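Participant: Generate coordinates for the entire structure from the input sequences, incorporating the hints supplied.
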Amino acid sequence: MQLSDEDRMFKESLRDFLENEIAPDLPEADEEALGKDEVIAYQQELGELGVGPASGEGFADPMTYTITSEELSRVWPSLNVALMMSFPAQFGAYAGERTREALTDKVDDGSCIACMAVTEPEGGSDTANPNTVAEKDGDEYVITGEKTWVSNATIADMALVVAQDQETDTRDFFIVDKETTGFETRELDKLGWKGSPTGQMFFDGVRIPEENKLMTAVGNMVAEGEGEIMDAPMFQSAKPLNAIFSYMRTGMAAMSVGILQACMEEALDYAKEREVGGGPIAGKQLVQDLLYQIKCSLETSRLLTYHAADLVERGDDEARLMSSLAKGYACEQSVEGASNAMQVFGANGLSKDYPLERYYRDARTMTIPDGTTEIQKLIVGYELTDVPGY
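If you read the sequence shown in the numbering used here, its first letter stands for residue 11, the second for the next number, and so on.
For the record, the hints were derived by calculation from the structure and aren't laboratory data. The structure presented is a predicted model; accordingly, all values stated were derived computationally and were not measured. We put the CB at the ideal spot given by N, CA and C, even for glycine. Careful, some of the hints might be misleading.
[Unchecked claim] The following label-pair restraints were derived from C-beta to C-beta distances:
| hint | residue 1 | residue 2 | range |
| --- | --- | --- | --- |
| 1 | 391 | 217 | 28 to 36 Å |
| 2 | 143 | 31 | 41 to 49 Å |
| 3 | 400 | 34 | 42 to 50 Å |
| 4 | 293 | 346 | 18 to 26 Å |
| 5 | 289 | 362 | 27 to 35 Å |
| 6 | 391 | 42 | 37 to 45 Å |
Facilitator: Shown next as structure tokens:
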């Protein structure tokens, strides 16, 4: 599909900004997890361009979300994760009174950091049966459980937590803020996305207002005319968790496209400049084969990702299938593309003086979060056959 003139202008202006304002910070900025003040500074700076959680429209518009994820990840995937995983922040201002009091000012000035807590130590990819529970006690819910591999966990002001509602015996989302509950976290180190703070979260009987159940907060958003996200067709045609994952998986595919774009540019420039045997290695047939493979990975992944974004935007019945297909395919292709780009560089591809080793680590990380490649295959298989393979 072709981007609209408006989308192309947004993409170009965002790329120019990132090249001039963000790229000079690298690779040093990615050597360790960003602190809260650093993420807030980037969040507020990019918010002026309509990027990030301060701009609810960006998440409500899948194509803008996809373009943003691609362009940010071409420069710095870790920053994309830190910004995009803060999208639950916009729900905080519509939760119970004490949660609103803790979060509203931060949401309004773009300084609220949020996270989405789904994965559990014993559950892994099984998000349908959380061990974390929400027990109704009067006008409150009591949340007990543990989450892991949560992006932004250690710096979050609030979390959107998946838990089993004991009263209804259904899985649901609950808004849990740090200030009034004091949930605990522990930082995790990892191979890639080094700049993205990641951690475990511990909820030891924390109490939240009953209004903090997500759909109650969403009802408040809509009543106040602020429910752009939930008005999106995808949220009208799918369960909330499936709709959110369709957005997120399309965004993950777009991240992989951004990494592939960076690999393509670096490998092509290096092949033209590096001379061996009296001429550039770009003239070597096997180097051209590597460039062909990277380009093929890039273009097929981009087409599939944009198609998925279009289906998500329209709330199409195939949106869940195609977002999983795009996520599984593009993430695996980014690993292969980064590996091929490193091969073009030869020994220099292993050096930290060049960005390829960072691209490879970030690409390899892509195949795990928001559902592993294997989970994407099972989702696609189920959507095709209507027979669960798990």
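Participant: Against each hint, give a clear statement of whether it holds in the structure.
Facilitator: Here's how the hints hold up against the structure:
1. 391 with 217: 28 to 36 Å: Given range 28 to 36 Å: violated, Cβ gap about 41 Å.
2. 143 with 31: 41 to 49 Å: The hint (41 to 49 Å, Cβ to Cβ) holds, given that residue 143 and residue 31 are roughly 44 Å apart.
3. 400 with 34: 42 to 50 Å: About 45 Å separates the Cβ atoms of residue 400 and residue 34, which means 42 to 50 Å holds.
4. 293 with 346: 18 to 26 Å: holds (24 Å)
5. 289 with 362: 27 to 35 Å: holds (28 Å)
6. 391 with 42: 37 to 45 Å: holds (39 Å)
In this structure, only the earlier hint numbered 1 is contradicted, and the remaining ones agree with it.
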